[in-house]
Structure formats: C-alpha cells, structure tokens
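A.B. asks: Chain by chain, the residues run as shown.
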Amino acid sequence: MDEIIQNPAKVYETITYLMNYVQKYTAIISEYSKKIPYTTSFVKYIFNVVMANPLRILLEVALIIFLIVYIRKDRYKVTTELRNQLTEKEIEELIDEWEPEELVPDISDDVRQLELESVPTLKGIVGSKSVLEDGSTVLNLASNNFLGISNDKRLLEKAIAGVNKYGVGTCGPPGFYGTLDVHTDLEKKIAKFYGTESALVYAQGFSTISSVIPAFLKRGDLLICDELCNFAIQKGAEISRSNVRFFKHNDMNDLEELLESIHINDKKKGTKITRRFIVTEAIFYNTGELCNLEKIIELKYKYKYRLILDESLSLGVLGKTGRGITEHLGIPVDKIEIFVGSLANTLGAAGGYCASNGEIVEHQVLNGLAYCFSASLPAPLTLASIGAFDIVDSKEGVKCIQQLHENNKSFREVIKPSKKDKYVVYQGFKSEDSPIIHLSLKNNDMPRIQQEKLLQKVVDEAIKEGVLISRAKYILAQEKNVPRSTIAVNLTAGLTKEEIERAAVVIKDSFRKVLN
Amino acid sequence: MTKETYQLKGKCYGTDANPNSGWINHKGMWITNIIIIVILKTAFTIIPGISPEISWTLTNVVYNLGSLFFFHWVMGTPFELNQGEEFGGLTLWEQMDDRSEFTPTKKYLTAVPVVLFLISSFQTKYDLTQFIINFASLVIILIARLPFMHEVRIFGINKRYSDEE
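Chains as they are written, first to last, in UniProt numbering: chain A, 1 to 516; chain B, 1 to 165.
Hints were generated in silico from the structure; no laboratory data involved.
One or more hints might be untrue.
Here are the simulated lysine to any residue pairs, SDA-like style, with alpha carbons at most 20 Å apart [unchecked claim]: (1) Lys153/A with Val131/A; (2) Lys107/B with Tyr70/A; (3) Lys107/B with Phe66/A; (4) Lys73/A with Pro19/B; (5) Lys218/A with Arg276/A; (6) Lys73/A with Ser100/B; (7) Lys125/B with Lys457/A; (8) Lys125/B with Glu60/A; (9) Lys27/B with Phe102/B; (10) Lys73/A with Glu94/B; (11) Lys218/A with Phe66/A; (12) Lys125/B with Val61/A; (13) Lys73/A with Leu109/B; (14) Lys73/A with Lys27/B; (15) Lys125/B with Ser374/A; (16) Lys125/B with Leu58/A; (17) Lys77/A with Pro147/B; (18) Lys77/A with Val115/B; (19) Lys73/A with Pro147/B; (20) Lys430/A with Arg276/A; (21) Lys107/B with Glu60/A; (22) Lys125/B with Ala52/A; (23) Lys125/B with Pro54/A; (24) Lys73/A with Thr105/B; (25) Lys235/A with Asn481/A; (26) Lys125/B with Asn53/A; (27) Lys107/B with Ile64/A; (28) Lys73/A with Leu146/B; (29) Lys73/A with Val114/B; (30) Lys77/A with Val114/B; (31) Lys457/A with Asn481/A; (32) Lys107/B with Arg75/A; (33) Lys107/B with Asp74/A.
Reference listing, derived: stretches of chain A covered by chain B, where coverage requires no fewer than 3 residues with Cβ under 8 Å from a Cβ of chain B [stated by the list, open to error]: (34) 70-80; (35) 224-232.
Predicted model, so just to flag it, every value in this text is computed and none were measured.
Every residue gets a Cβ at the ideal spot worked out from N, C-alpha and C, and that includes glycine.
Isolated chain B, as found in the complex:
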C-alpha cells in the first residue's frame, strides 16, 4: 500500500465524488454528532427508573453500537445515486472521504467515542461492571475504525461480496 500524503490539512468540501458518503462532510455534521449524543442522554435521563449512572452507560453503548451499525456494518450504496456498483462492497467508513485514512472527519469521529468514554466512566464513578461494558463497546468501535481494518472482514461478518462462489 503506497502512502500518499496530501497537502490539504483542513476540511475540504466537495472533494468527495461519492454522494453516498459525501453528506458526512457537509457543514454542521460535527455539531450534529454532538447533538445526537445530547438527545440520547436526555432521552435516557427522562425515562423513569434509570439512574444517572446507567443513563450515561446506555448513552455510550447506544452511540457506539449505532455508529458501528451505520459506519461499519451497512454496506454498499443504500440510496441509488447513479454512481454505479463500484462501492457495493464497502462500508460507509471505507467509502468516506474518497477512501482516504486519517482525514479530519475520521479523526473527529474517532475522538468522539474516546471522550465520551472518559466522561461516562467518570460519571459512573468508576463502577467496575459499567466500566467494563463501556470499555468493551469503545474497543469494538475503535478497532473497527483503525486503518488496518480497511476492507478486512473478521468472523465472516459482511463477507457477502468478497468470497462469492
């Protein structure tokens, strides 16, 4: 794999030719991410019978599993946008930013669960069980986001395209 470093450091809009993943770089998507977390937390706090500690753990786990599903599980092009079949075997994370690694958006989306984990483990007063649950969900999402997992399908998950026939 040849490494090609880009001079562009800032966020660049419109460089992503794939409309299926292009929306992630739209204006306001970073804020939207945080808003989703806030909504999740609010929702879990409102539900009676859930202690503040558990609501933090739930927020963390649901956010991690949700982004695992949307970024690393769903494959191909769910919306037909006239871009052909070439992205059919790639998850959203792999299609993002014209298949580049270490882009600003990817860095941001990796940082968010880590920070969320630190906050929620502090808020749960380092209760061991909840700490382990939070940490496990964090590890799963982080591994899925690391560059070495690009187009790697472990345990036969989502292997439908790579090993056909």
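Bound conformation, chain A alone:
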C-alpha cells in the first residue's frame, strides 16, 4: 500500500486496471442480458420507478429489510416476573383470613370417638372362629366369610405355592406386563362358572363396579339406580358423569313410574339415542335383602334398558350350587348384560370380576379405569380364588351352601323378636334367603348418634359373651341416602347349627340387657 501511495504512476495504473475489469464484465453482462428477453426494459422500468419517487421506494425497501431482519431474529423468553395483582392491603387481609388446618384432625367429637373406640382387634387368622386380643375365642359373625372357606388349608397351600412360583405381586397393570397365566385361567374359570361368554378380573373388589359403570356410561347417558345401592355403585355413578336417577329401594312400582315418565318425556321432546342402564345389587349390602330381579328384567325389556347386576355378596351364597341370584330365582343368565362381583367376600381372596359377553369384556380392557391403571391381582390371591371356585363348584360347596341356609333358617327363628323386645329384624323382598341380617332399634326417632351408641353397647355386650358382631358402618358425609343405623350379622357355614343358635340367643340377650 505504501508503495502505491508514494508512486502516483502506480495509482493510475491500478485505476486503469480496475476500470478495464469493470468494462470487461459490464460487456459480458450486457451481452448475456440481451439473450434474456425484456431485461433492458425491466431495468429501464425499475430505473424509471425509482426516479419517479425515490423516497417511496426507499421506504418500501426499508420495510422489506426490516421484515427480513425481524424474521431472522432468534426466539427468546421475556423473564420479567409476572405482576402480582393484589395490593398490599389485600395481601394482608388474605393472610389474616387464612387459618391453617390442623395436621392431626380433631377427633373429640362423638361420632369419631365412637368409631375409634369400637374397633375390636383380632389375633391371628380371621375365620369363623377368631381369637381376640385378650385371648378369648369368639364366634365371628362380622366377616363376609359366608361359606367359611376363607382360611381353608387347601387355599393357603395354593397361595403359598403361588408366592414361591410367581412372587408376591405383579407390579404392573394387566395391559402392560401384569397378566400372568393364572389370571387368564381365573377368567376362564369365572366365565365357565357363570356360563357367560367371557370374564375379566380386576385387582380390587370395590373398584370393579366403580370402574365398570364409567366404562359404559358417559356424560349424557342415563343410569337408573336403586336408592340404597352400596357405596361403590354410588361412586361409580358419580365418576361416570351420566344422568343418575334413583328409584325407591326395591320398589318396582316406583321404578316403573320412573321409567314410564322418562319414556313419556322422551316422546314429547323427541327421543335421544343414549346408552341406558339399570344398576342394582343381587343382595343389598345396606339392607341384606334380595333384589326383585324378575320384575326388573321384565321392565328392562319393556323400556329397553340394559342391566348391571352387582353380585358381590350373592356369589357362592344363593342358588343350589352357588351360581348367584340367577340360579336362585331361576332366571337365564343371558337376560342380564353385565355381572359384576367381588372375589373378596365369599371366596376369601381379593379382587373383583366382570362376567359378560365378549364385546363388553373386550371394551373394558381399554376403558375400565381400574383395569387399565391398577396393578393386576397378585398371583397368590389369584390362585386362592381359583381354589375357592373349585371348592364352591364341588360337592363340598353344595354342602356348605346347604349348611349356610340351615344356619340362616335357625338363626332367623331364634332371633325373631317377641312383643316385649325393642329391636326389629329388617324384612324385605325375600330377605329370609340372604345370610346378612340387619337388626335395628324399634324406636328410630332418636338422633342417629344415640342409636349408634346404644347399638354399640349391644355389640360390646355380645363380644363379652363370645359373639363377634359389628354395626353397619357408613361414610355418612358421602352416602346418597344414609340407611338406618343397624347391626349387620353375617352368617357363616363355618359354624355348626348349635353354635349359630347360641350366637342368636346371645345377641337377643344383649339386646334385652341394654334396651330393657
């Protein structure tokens, strides 16, 4: 560079060199541009436009450059804090208003204290005869162990073999990796036992029905439900978000009226095609009576509904061979769309099942929430269920059921209150066939807590005499219709007729002692 500046001749040389270069390339470009049509006229046009209004063109070019720059920018997030809309005053007010909830809830109120104090503690295995904490043996009439097979040695052996072979848990929902061969065995067993096309095993008895109902009923569908259905059914109806209509407990006239009014309403407003179900229990957990299945089936065919039947308590209890209410009342199985039940009551294992036709079962594999998202039933319990089904299905099972019915008959005969007794035995539709007996006070004008306290005294008195019974317990705040406060006696075939009669006498005496 220094050389060039010092020597003017060289400057001139450089300039001419550059000029030559420019001239050369201009010539080449103009030559090529001649080959492309309209080039010159286009350049001229642009030149004219620019000359006509250079300011405007400048503006437009600036806009386009701005746009290109803007579009090429990188994304970033504004990190300033979001403004708090509350003023200091409001914040102080809110702080003053706030009262922290106690970590340990207050249990000083009567109801909770009663519940806490009245829980008996058992030692060892729960069976028809159990051992209390203080070492005394009692006749257990508080468990749903109707056939007395819950601690059968064969079942225990099967469960232990299951632990040795499969471990204690499956650690996964059935849809992923929780299905074992024993689960499909159990499903086939249940289907065969019921005589339905197919069946599905759930991991928990309670969540079975509250998962089956929302699997089929969605928002806008219609569910007709008995007033005194058990808590699981109520929860299922709530989860499904369907329109739930209740009919009076086991009152078929009320049900017919309800269905008729819905039918008339549909005719007026034009029928909407919705899924419609009736849900009821075979043996009502809350009252211990049977449902009037024949009439319900007649109505369901008349008004075109489907039926979900909860057989949690009736499986293995009703019917000659324990097939449930259908066998007991002589109704064909295919008249009921969905059977739901629990393996935890009579069979003494755990879990629940849904027995129905293939499509309905298949639907639940992806739509039953409890089936999809809960870990499947542990293998030892599955094996115990299979064993329990074997027992129920055998001659021994028939014998057990006979024993249960005999026990039931003799217990009911002894417990029948005489005129001076101040308690009532709940009587409902065919309730003499069910092994659950609800005893309540004659005088039910008293406040509930007082009734419960009196009943608890009766229970304590009976336990002292060696008969374990319990009050029927409910979550009062969440029940739709709270049933009367009662003592629920669950009979069992694990005890002899004499023992059952003794228990009945003890209970009767305890009632007399407390109330008279």
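Based on the hints, put chain B in the right spot on chain A.
C.D. replies: Leaving out everything else, chain B in the frame of chain A:
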C-alpha cells in the same frame, strides 16, 4: 433481560400453558387471518359508493386497528379459564407463546400488515393521502409489536395495573 434462545424453530403446539392465548397457535389460525382480510376486502368492495382504491385503504386501516385493539389494547383474561390473576396486566400479544418474543406466530403476524401495506399502497396507485393514512396505521401496529414495547405503556394507555395507588 437475559436472552434465552430456543432450539425449537418450528411451530409448537401445546407449549403455551395459558389457555387465554393458546388458541392463536391452533391449527388453521394463519389461514384464518388471511380469510379475515379477504372478507374485509370483499365487504368494502360490495358496499356501493366506495372506489376500489378506498376499499383497499379501508381494509388496511380496519385490519390494523382491529388487531391493535385485540392484541395490544384488551388486557388480562377476558375469559375465566382458571389460570389465576397473574396475566391480568398483560395484553394478548404479551401473553402469547408463553411470553416469548420472535416466535413463528409473532413473526407471521408482523409480516402480514407489512405485506398488506405494500399491496394496498400499490393498489391505491400511490395516492399521497391514502399512502400516508396506510403508512401511519402500519407504523402504529409495527411499533406496538416490537419487543421493546413489551409491557411499556405509553401516554398512560392501559396503565390501570402498573401505577395503582
């Protein structure tokens, strides 16, 4: 203000946790924008007594003022969607895309008025008065959309939350 560059360049749905502004990133919103412009233009063309030039200017001005109103004027959460009060002091433009700048949607919404301006100024045959009107409306909307205007309230417009008490 720390700048945090994101690897994501394309449009991303569902990243916007704020349902009040999330709809802007829904499928078809870009096309909808253009359809609105077409409808505006058609409406102004149909009205008798409006020359094609003026209809273009009207389209441009109405679109710009309309988006100024909806994106930069209305504040907070007009629809209660359970998201609390935290967005109460922000305009829709500020809430958009989880409060990010230079997102694809924002770039697109900035480009649309510029292109519309270029088209309409060409269609009005560069008439000076209409050119000035179009340009003024463009400048207003562009300034409102630039990042430096984030949460800036000039001339006391919409100051109701920032300077309370």
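A.B. asks: Does each hint fit the structure? Answer for all of them.
C.D. replies: So, going through the hints one by one against the coordinates:
1. Distance hint between Lys153/A and Val131/A is fulfilled; the C-alpha atoms sit about 18 Å from each other, no more than 20 Å.
2. Only pairs whose Cα atoms come within 20 Å are accepted, and Lys107/B paired with Tyr70/A is accepted, the gap being roughly 7 Å.
3. For the suggested pair Lys107/B and Phe66/A, the alpha carbons sit about 12 Å apart, so the restraint of at most 20 Å is met.
4. Distance restraint check for Lys73/A and Pro19/B: the Cα-Cα separation of roughly 26 Å exceeds the 20 Å cut-off, and the hinted pair is therefore not satisfied.
5. The straight-line distance between the Cα atoms of Lys218/A and Arg276/A is roughly 10 Å, inside the 20 Å bound, and the hint therefore holds.
6. With a CA separation close to 12 Å, the supplied pair Lys73/A and Ser100/B stays within the 20 Å bound.
7. The hinted pair formed by Lys125/B and Lys457/A fails the criterion: a straight-line CA distance of about 100 Å is larger than 20 Å.
8. For the proposed pair Lys125/B and Glu60/A, the alpha carbon gap of about 14 Å is at most 20 Å, so the pair holds.
9. Distance restraint check for Lys27/B and Phe102/B: the Cα-Cα separation of roughly 19 Å lies within the 20 Å cut-off, and the hinted pair is therefore satisfied.
10. The hinted pair formed by Lys73/A and Glu94/B meets the criterion: a straight-line CA distance of about 17 Å does not exceed 20 Å.
11. Proposed proximity of Lys218/A and Phe66/A is contradicted: the alpha carbons are some 54 Å apart, above 20 Å.
12. Among the hinted pairs, Lys125/B with Val61/A is consistent with the structure: their alpha-carbon atoms are about 17 Å apart, no more than 20 Å.
13. A C-alpha spacing of about 15 Å is found between Lys73/A and Leu109/B, which places the hinted pair at or below 20 Å, so the restraint holds.
14. About 23 Å separates the Cα atoms of Lys73/A and Lys27/B, which puts this hinted pair outside 20 Å; it is violated.
15. Annotation: proposed proximity of Lys125/B to Ser374/A is violated, straight-line Cα distance about 71 Å (limit 20 Å).
16. With a C-alpha separation of about 17 Å, the suggested pair Lys125/B and Leu58/A falls inside the 20 Å cut-off, and the hint holds.
17. The hinted pair formed by Lys77/A and Pro147/B meets the criterion: a straight-line CA distance of about 11 Å does not exceed 20 Å.
18. Taking the CA atoms of Lys77/A and Val115/B, the gap is near 26 Å; set against the 20 Å cutoff, the hint is violated.
19. In summary, the hint linking Lys73/A to Pro147/B is supported, as the alpha carbons are separated by about 11 Å, within the 20 Å threshold.
20. Restraint check: the Cα-Cα separation between Lys430/A and Arg276/A comes to about 27 Å, which exceeds 20 Å; the hinted pair is violated.
21. Note on Lys107/B and Glu60/A: the hinted pairing holds, with a Cα-Cα distance of about 18 Å set against a maximum of 20 Å.
22. Annotation: proposed proximity of Lys125/B to Ala52/A holds, straight-line Cα distance about 13 Å (limit 20 Å).
23. At roughly 15 Å between alpha-carbon atoms, Lys125/B and Pro54/A fall within 20 Å of each other, so this suggested pair holds.
24. For the given pair, Lys73/A sits about 13 Å from Thr105/B by alpha-carbon distance, which is consistent with the 20 Å threshold.
25. Of the pairs offered as hints, the one joining Lys235/A and Asn481/A holds, with about 13 Å between alpha carbons and a cut-off of 20 Å not exceeded.
26. Restraint check: the Cα-Cα separation between Lys125/B and Asn53/A comes to about 12 Å, which is no more than 20 Å; the hinted pair holds.
27. Taking the CA atoms of Lys107/B and Ile64/A, the gap is about 13 Å. The hint holds against a cut of 20 Å.
28. Taking the CA atoms of Lys73/A and Leu146/B, the gap is about 12 Å. The hint holds against a cut of 20 Å.
29. Using a Cα cut-off of 20 Å, the hinted pair Lys73/A and Val114/B holds, with the two alpha carbons roughly 17 Å apart.
30. Taking the CA atoms of Lys77/A and Val114/B, the gap is near 24 Å; set against the 20 Å cutoff, the hint is violated.
31. Between the alpha carbons of Lys457/A and Asn481/A the distance comes to roughly 25 Å, so the proposed pair goes past 20 Å and is violated.
32. A distance of roughly 10 Å separates the Cα atoms of Lys107/B and Arg75/A; the hinted pair therefore holds under the 20 Å criterion.
33. For the hint pairing Lys107/B with Asp74/A, the CA-to-CA distance comes to about 11 Å; that is within 20 Å, so the pair holds.
34. Chain B is given as covering the region 70-80 of chain A, and this holds because 10 residues of the stretch bring a CB closer than 8 Å to a CB of that chain, at least three being needed.
35. Counting residues of the region 224-232 of chain A whose beta carbon lies closer than 8 Å to any beta carbon of chain B gives 0, which falls short of the minimum of three for the stated coverage.
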